[in-house]
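Visitor: Residues per chain, in single letters:
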Amino acid sequence: MSMIEVTGLEKIYSLGNVTVEALKGVSFTIRKGEFVGIMGPSGSGKSTLLHQLGLLDTPSAGTILIDGADVSHLNDKERTHFRLMNLGYVFQDYALVPELTVKENVALPAIMQGKSFYEGYAMAISILEKMGLAHRLDHLGCDLSGGEQQRVSIARALVNQPSIIFADEPCANLDTKNSRVVLELFRSVNRDLGKTIVMVSHESWHWEYFDRILLLRDGLLDSQWTDMETWKEEPDPESI
Amino acid sequence: MPSPLRVSMLLALRGLERGNKFTLCLTVLIMGLVLVMLLFQPSLMTGFIKVEHDQITNLMYGNLVLEPKEHQLYIKNVSILTEKINRIPGVIASSPRYVTAVTITYQNTSVAETLTSVTPSTENQVLTLSSQIISGNYLTDGDNDQIVIGTLLAGHKDTTLDLVKSLGGVEVGDSVEVTFSNGVVRTYHVKGIFETHSMMLDQTAYITNSEMEAVTGLSDEASLVLVKTSSTGNEDAFRTTMMQYGIQEPIKTWVQEGEGFVWEVIASFEQINSIMIVFSLIIGAIVVFIVTFINTINKRKQIAILKAIGITKEVIITSFLIQVICICLAGILIGLVLFEIIIYYLTINPIQFPIGAVPPVVDLEWTVKNIIALILVSLVGGFIPAWKIANEEITDAMRG
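These protein sequence lines map, in sequence, to chains A and B. First residue of the first sequence? That's 1 in my numbering, and the numbers climb one at a time after it. First residue of the second sequence? That's 241 in my numbering, and the numbers climb one at a time after it.
The set of hints was computed from the structure by calculation and includes no laboratory data. Check the hints yourself; a few may be wrong.
[What the hints assert, rightly or not] Pairs of lysine-lysine, DSS-like flavour, derived with a Cα cap of 30 Å: (1) A/LYS115 - B/LYS628; (2) A/LYS115 - B/LYS541; (3) B/LYS628 - A/LYS77; (4) B/LYS541 - B/LYS309; (5) B/LYS309 - A/LYS177.
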């Protein structure tokens, strides 16, 4: 059963008289509960594709179906509501609100969804405890290590129980040890909670966590890899 | 509380609590000073108006003034008229007076001035001039060769100290010569010197009505009849009542009678006041705009992230506006405290104007209006940058 269906997706940026075709007609499908990695060299359109899928930007052409609903033509308000109710995000630089505590950061989307402060905090505490961050509830983001901040960011993405989680190079600022902790967490969320995860990555070794890899090059879907034994033989995607 | 407002409150209050304290305190202080600017000028104007009103009603005209009918120099049958007036409910007293131009000479100095004659016993029930005597005594009904003069008219021995042309240092007990318009010249002993702080009054002199009638040959007439009523503010109603009682002389209220340079001064004050208010409000709006603008620029990426996780732009804008309201309210509190301190100081040490010492008077209506205006312009000042940043594309803002 497909969770995301992308057909002929294009994104053209206009910078004065110059136009840049970031995506040139990308089509693919992601199944429900799949953990997909989007890889490719710099400038291949990985983040642009993630932004279109995550409704952070509007495509120039093409359609995106999420769980059967066409979301490519939603207006700003509808997209915001859709993101709140259905999608979770994890960003490269954790993107925690600096003035809020760990607990408040995680509870924020839940409160926005309509939960009371009490309910929101209870949900946040429950998730943070599972992530081994119970001792950090009332700390500010700046008091935490990079790995801890990213785990808080994942907790925030999960609090609204979204069907899909988008992660934009979540391990880019982490060392290998912390990257593995974060990736294990994502795999656990994927396998134990059945969440569909779409992650942009530029690290070749992340393949071992993915069910499938979408390899982008020059704004086009170059290839898809499901046989990870074969992918292992490929060079670093950055050098493709 | 609706959930978007809960989120706005959380973001706003935590932003204030954990944001830059120095910037916050400075902004609050500036808003406080803006409020002081907004309130001080009107309070001074209110004080000025109050002093002027008090002078007009207590020292110059009472509440109502009866004038001679058209084409007549004097009001006739004044004793009957005043009896009739005094019977009207709410009228405390009425007092007739003659007003004439004279030349007053002391030693070799002559000054052309207005001489007013009164019946002291009734005048004292209408006005309080007798309480303004700073040297000697006020007139009594039987005084025929006595005069009381204003301090500015009396002047100083050293005339360089005088604000206006004076008699050069007349003191109680001195004799002055008064030349009336009919050519009669009389010598009067200075019985008292008064000081009202009104430049107009302090240049005048007073004798008794009986003396004036002896000089002019008039009898039972008056240039004006002043009326004191039980309350101030409903003179128009009293005037109507007096007309219903059959009084045919033109009746003016103290407001109409006081029209002149004082009202021009007040009008000028109001003009300056309006300009000051507009400028103060603009300053307030700009301060809030700049603070919010810098805040939004610093939080550009954070705002994009908030939008990405499903926080609506309305919530983001509201969070900034809540911060503006909090800053504004704290500023208003500080401003009111500062303003009270200034009021307290200036009440003890009032500013000296030509009309006298003017302590500032707090006008509650003005205060409330200015506070509301400050909050509104601050909200506008905060809304513009918040709206601008909240409407930015997420991906543009995330790129920085």
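Visitor: Work down the list of hints and note, for each, if the structure agrees.
Guide: Results for each hint:
no.: 1; hint: A/LYS115 - B/LYS628; result: holds, 29 Å
no.: 2; hint: A/LYS115 - B/LYS541; result: holds, 26 Å
no.: 3; hint: B/LYS628 - A/LYS77; result: holds, 16 Å
no.: 4; hint: B/LYS541 - B/LYS309; result: violated, 81 Å
no.: 5; hint: B/LYS309 - A/LYS177; result: violated, 106 Å
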